[in-house]
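Asks: Spelled out, the chains give:
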Amino acid sequence: MNSNGNQLWKKIKAWPLLLPVVALLLVMAVNIFHDLMQGSNPLSFFTITLNQTTSGGTILYGRIIDILNRGSEVAILALGMTLVVSSSAGTDISVGSVMSLSASFCCMLLAGYGVANTSELAVPLIVGVLAAFAMGTLCGAFNGTLVAYFGIQPMVATLILFSAARAIGLLLCNNLIVYVRNSSFGAFGAFTGPVPTPILIAAICIALVALVLRNTSLGMYIQSVGINAKASRIAGLNSKKIIFLTYVICGFFAGVAGLVNSSRITSADSNNIGLYYEMDAILAVALGGNSLGGGKFNLAGSIIGAYTIQAITTTLYALGVSTDQAPVYKAIIVIIIVAIQSAPLKAYFRKRSNIKKTGTKEAARA
Amino acid sequence: MNKFKSMNSNTMLLLITVALFIVMYAGGCIAYGSKGFTHLQTFLNILITNSGLICVACGLTVVMLTAGIDISVGSLVAMDCMMLAVGMKSGIGAVQMCLLVLLVGVVFGMVQGFLIGYLEIQPFIVTMAGMFFGRGMTAVICTDQVSITQDINAAFYSWANAKVVLPFGGYVNNKGKYMAPFVRVEVIIALIVLILIFLMLRYTRFGRALYAIGGSEQSAAMMGLNVKQTKMKAYMLSSVLTSIGGICYCLNTMAGSVQQATGLEMDAISSAVIGGTLLTGGVGNVLGTFVGVLINGTISSIVKTNGKLASSWPNILTAALLFVFIVIQSLFAAMRTKKK
Amino acid sequence: MEDNIVLTARGINMTFPGVKALENVDFTLRRGEIHALMGENGAGKSTLIKCLTGINDFESGEIHIEGVEGPVKNHSTRDAQNVGISTVYQEVNLCPNLSVAENLFIGREPLTAIKTVDRNSYNKRSQKIMDDLGISVDVTQNLENYSLAIQQMVAIARAVDMECKVLILDEPTSSLDDEEVEKLFRLMRMLRDKGVGIIFVTHFLEQVYEVCDRITVLRNGTLVGEYPIADLPRVKLVAAMMGKDLDDLASIKGETKDLSHAPLEISARGLAHTGTVKPFDLDIHKGEVIGIGGLLGSGRSELARSIYGADKANVGTLKVKDQEVQIHQPIDAMNLGMGMLPDDRKAEGIIADLTVRENIILALQAKTGTFKKLSRQKQNEIADRYIDLLSIKTPTAETLVKQLSGGNQQKCILARWLATDPDFLILDEPTRGIDIGTKTEIQKLILELAEQGKSILFISSEIMEMVRTCNRMVIMRDGEKVGEVGGDITEQKVMHAIAGGES
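Protein chains in written order, with our numbering: chain L, 1 to 366; chain A, 1 to 340; chain V, 1 to 503.
Wrong hints could be hidden among the right ones.
Here are the computed lysine-lysine pairs in the PhoX-like style, where the Cα-Cα straight-line distance is at most 25 Å [unchecked claim]:
id, chain 1, residue 1, chain 2, residue 2
1, L, Lys-346, A, Lys-177
2, L, Lys-240, V, Lys-373
3, L, Lys-241, V, Lys-367
Not the full set, but computed from the structure, chain V residues with beta-carbon under 8 Å of chain A [said to hold, decoys possible]:
id, residue
4, Val-72
5, His-75
6, Leu-94
7, Cys-95
8, Ile-106
9, Gly-107
10, Thr-116
11, Asn-120
Since the hints were derived computationally from the structure, they do not count as laboratory data.
Note that CB positions come from ideal geometry on N, CA and C, so glycine has one too.
This is chain L alone, in the form it adopts within the complex:
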C-alpha cells in the first residue's frame, strides 16, 4: 500500500462518524440484497413517491420516509441520552417507561380520569401537551437529583423509574388503555402537508439542541464534567447542576417522545408505549461512536445511530421477525458494538497489527 493510501486509511479510521455510517451502509446493503432476492427493484429502498391518501391529501411515501418517521422517537431520545452518557458515564434506562408515563398522564388529562374512550377533550390540548413535557421533565429531575446530588450510579438510580413509571402510568389510567380519538391530538403522529409530523418534531428537537450547543458553552461543560467532575468544579463549573441538567433534558425529550408515540395511536397504552425504547436509545448512542464510559460526545453520530436502529428494526420486520423477537437481534448488535469498543479487545487488535507490521518489516529486511 502506498503512503497516500495509508494516510487516507488513517483519516478514515479516525473519522468519528465511521461506525454509524458503516452500520447504516450495511443495513442498506442488506435491504438491497433482500429486494434482489425477492425479485423487486433493488433500489426500492431509496424510492420516495408522492401518494394520494383516501382523504385527498398528498403524502410522501417510501421506505426511507418510513424509517425517518418511525425513527423520530429514538432520535429524540438519543439526543438526551447522548448528553446523559457524556456527563455521567451512565445511561438513563428509564426513558421508555417515562415515555409511557408522560403519555398516560397526557391522555388521562385529555380524556378525564377514569374515561377510557373519548373523542372530546376534557382540557385544552395545550394542557395535555405541556403536561406530557412536564411529566417527562419531572422524571428527569428525579433521576438527575439521585445521580447528581446523591451520587447514586446512574443505572441504579434510573432503575427505580424504569420499573415504577409504567406502573404509575397504569395507576393514572385506572389500569385501562385510554383512547383519545381526537384529530387535534392525533396531529403529532400524523402528517403536516406531505411530511409526517414526527419527522418535523424530531427535526425541531435536533435543531434546538444543535442551536444550544453551538451558541453556548454547555457542550464543553458537559464533556468536561463527564471527563472529570471534580476538576470541572474547581475550574468554576457547577458539576452537579450540569449532570442534573442533562437528566432533565433527557427526561424532557422522553416526554416529547412519549407524546409523539401516543399521538400515533391516539391512545395511552401504558404497557406498550416506549417498550424497549431505552435499549434503542442506548444503542443509538453507542452506534454513534460515543463511548458509554462518558466524556466526549458526538451528537451527529447518535442521530445517525438512531435512524440506523430504526432501519435495522424496519429491516428485521421486513425479514419476518416479530416485534417480540426483535430485541434478540438488537441485543446482539449492542454487544458487538460495545465489545468492539472495549479496551481489552482494542489492545488485543493493536498488538496483533503491531506484530503484523514488525513481521513485514523483518520480512522486508530479509
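Please arrange chains A and V on chain L, whose structure you already have, making use of the hints.
Replies: For chains A and V alone, kept in the frame of chain L given last:
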C-alpha cells in the same frame, strides 16, 4: 471508635430492614387478621410464591458483592419457564428439561461473565442486552402462553403439587377441620440454595475473593487474585441460580409466557439492597437479602389480601422502598467519607 | 555473579509509542540492602519497576532472580510474586472492607480438610506476623479502621510473609507524616536485617540519605550509574539526576519587600471548615506571596480550599478587597478574582480528554458565563498566547492534554488561571511531581506575578521553595494555624515553627 461506627452503619442498615419487616408483617396481621393473615400459612405462602425470587436474589447478591449488577434475571426466568413448558409439551422428560435449563443458565452466564470479566464492558450494559436477549428469545421459542398440565408432564406436575407438611403451627378452620401448615418443594430448594450460598460466601476462597473484588478491584488484582475469572464465575453463578429460580418459579406458575417475571430483576435488586448489600460492592450477605425478599413478599401479600388495591401497587411500593434504601445508603456513604 | 545478589536486570529495553522508555538499563539488587532508585519524571523509574513486576512487557534484556533457573519474564504481578518480587504502592493496594488478617491471606488462605478457609488458623498466624513486625493491630478488625501508615505496613507485612526476596516500595512515604515515615523506616531496616532486598523509590532526597545503602540513578530512560550512598553527596545526586548543575535555583529570589501596608486583598476572620481546618485569621496584601508551611494533613491545603470554596467554609467571615463575601462554591470565588491550582493534578486539575485549548479557556469560559460562548478565534488566541508565554511543550493547541508530560499539564492549568486574570491565586503544590527545570520556571513565574501586583498563596512540601519565594509564611499544625513567620525567612525558622518548638 471509628471501627465501631463503621460497623454500626452496616449493621444498622440490616437492623432497619429486620425492624421494617417485623413492623410491616405486624401491621398486616393487625389490619388483615380477620382475613387469616396471622396464620403461619400466610408466612409460608410468602415463601412459596417467592421461592424463585430467593434463588434469583441470592445470585444477584453474589454479583452485587463484586460491585456489579445483573438485570437479565427476569427475562432469563421467563426464558426458563418457556423452555420448560414448551420442552415438556413436546414430550421431553422433566428431569432432562431441568438439566437443560441449568445448562442454558451456565452458558448464558458464561457469555455475560466473559463480556464483563474479560472484555471489561459495564455489567449494566451487558446484562441489559442479556435482558432483551432473554425476553426476545422467549418469544422466539413461543409467543403464546403455554401451560404445564398433568397430561403434559405428570412428574413435573406431581413435584409442583407435593406438599411438605410441617408438624406444628396449624389451625382449625371455620368448618372445624385442622389445617396443617405446609411448604412446597420449591421452598426446600430455595432454602438449600440460600444456606449453600451463605456458606460459600463466608467460608470459601471464591466467596472471599468476591468481597475482595468489591472492596477494591485493583487491589484484588494486585494481591494476585484472578479478578477476571472470579467475575466471570460470579455471573455464571448468578445465571445458574437464576435458572434454579426459574424452575422454582415454573413449579409455582406451571406456565410459560413472554410477559412472565417482568420486573423480577427489580424485586431481586431491591431485596438485596434492602437487605444491606451495598451497590458499591464489598458489603452484604444473603441472609439480609432473604429478609429483603420477605419484605417484598409481605408487600405483595398485603396488597393481595386487601383485594381492592390496583395490581401495579407492589411494583410502585418496591421501587419506592428501593429508592429509600438507596438514598439511605448514599447518605451513610457520604457520612463515612466526611468522617475521614 | 556475587553471592549475595538477589536480582539482576541486564540490558532492559522498552518502547512506548514514540518514546524510548528504557534503553539498555542494568540494575542490581543485593540481599539485605535498601536501594534507592532515583530519577526525574520520565527517567524510567516506574517503567523499570513495571518491567520487574510484570505489568510492562519489556522488549529485550534479561532479569535473573536468585534461586530461579534462567531468565525470568513476568507477565503479571502474580508471576512476580511467585518468583519473590512484591510491590507496595503509594495508594495502598489492599481491600478496606476486609479484615487485616484477610488482607494478609486473601487468595492463599489456609484451607481446612473440607476445602473451606480456616479463619482461626490465619487469624492466629496474622496476629503473630504483625506482632513480630512490631505493628500493634487487631487483625480481625477491618482494614479501613486503621490509618494509612498502618495500612501500608500491612501491605508490607503481606509482601514479607509471601517470602519475597525483593520488596519494591514505590513512593510509600508521599502521604505519610514524619512520625509515620519514621515507623516505616524502622520496619524497612528490620526487613533489611532479615535479608530482604528493598528497592525504594521516592522524591524525597532526605529520606534517601536517611535509610538507603545504595543509589541507582536513571535519566531519560538510560542508566546514569549505581553508587554506594557514601560516594554520592546530595549535590552530585541532583546533578546526576538532572544532568546539569542547577545553581540558578538558588538565586531566583530577590529582596524581600515589606508589603504590610499594601491594600488588603484577602482578610479572613475565624474562617473554618469543620472537620478539616479550625478557625483561622489571615490577611493577604496585594502583591504578597504567602506560603503555608506544615506537614501533609496539617490543614495547609484545607485552609486554601476553605478560602476558595472548594470545601465551603461554614464559620467565620471572609473579606475580599474589604468587602465581606459569601463563597458557596468555586465559581463564587472566581467571580471575586480568585483562582486555585489544586494539589492533585490528575483528580482535580486536568480534564484529560479535552484539548489543551479547552483546558486553558475552561475557567475563563465558566467565569464569562454559559450563554456568552467565547468565539473560536478568541479561544485560539488565548490558548496560543499562554502556550507561548509558559512555553508549554505541545504539538498543537488541539492536542489532548493527557498526552502531555506532567509538567506541561501543570502549565496548562496555570495557563487556565492566568487566562482569568486573577487578583488572588492559590497554588497548591504546583511543583509536585514535575521536573526540576519546570519547578524553577514556576517559582520564577510566582515572583513575576507578585511583581504585577497579584497576591499568591503558595503551598509546597519543599520548604526551600517557599523560603525562596514567599514574603511571609503561615504555619499550620493539626488543622490549626499556629503562627506566622515573616521578615527574613529561613528554613531553620520554618522547620522550628512546624515542629512546634519555640520559634
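Asks: Hint check: is the beta carbon of V/Asn-120 less than 8 Å from a beta carbon of chain A?
Replies: 12 Å, violated
Asks: Hint validation: V/Leu-94 versus chain A, beta carbon distance must be below 8 Å. Holds or violated?
Replies: Nearest chain A Cβ about 5 Å off; hint holds.
Asks: Closer than 8 Å between Cβ atoms is the bar; does V/Thr-116 clear it against chain A? Give me holds or violated.
Replies: 4 Å, holds
Asks: Is L/Lys-241 close enough to V/Lys-367, meaning Cα to Cα at most 25 Å?
Replies: Within the cut-off at roughly 16 Å; holds.
Asks: Starting from L/Lys-346, check that the Cα of A/Lys-177 is at most 25 Å away, please.
Replies: The hint is violated at about 70 Å.
Asks: Against chain A, with CB atoms and a cut of 8 Å, does the hint on V/Gly-107 hold up?
Replies: Because about 5 Å separates V/Gly-107 from the closest Cβ in chain A, which is inside the 8 Å limit, the hint holds.
Asks: Under 8 Å is the threshold here; is the Cβ of V/Ile-106 close enough to any Cβ of chain A for the hint to stand?
Replies: 5 Å, holds
Asks: Is the interface hint satisfied for V/Cys-95? The criterion is a beta-carbon contact with chain A at less than 8 Å.
Replies: Status holds, d = 3 Å.
Asks: Quick one, are L/Lys-240 and V/Lys-373 close enough, alpha carbons at most 25 Å?
Replies: 21 Å, holds
Asks: Does the nearest C-beta of chain A fall within a distance shorter than 8 Å of the C-beta of V/Val-72?
Replies: Nearest chain A Cβ about 16 Å off; hint violated.
Asks: Checking hints one by one. Is V/His-75 an interface residue toward chain A, by the C-beta closer than 8 Å rule?
Replies: V/His-75 check fails; min Cβ-Cβ to chain A is 13 Å, beyond 8 Å.
The structure does not agree with the numbered hints 1, 4, 5, 11 stated previously, though it agrees with the rest.
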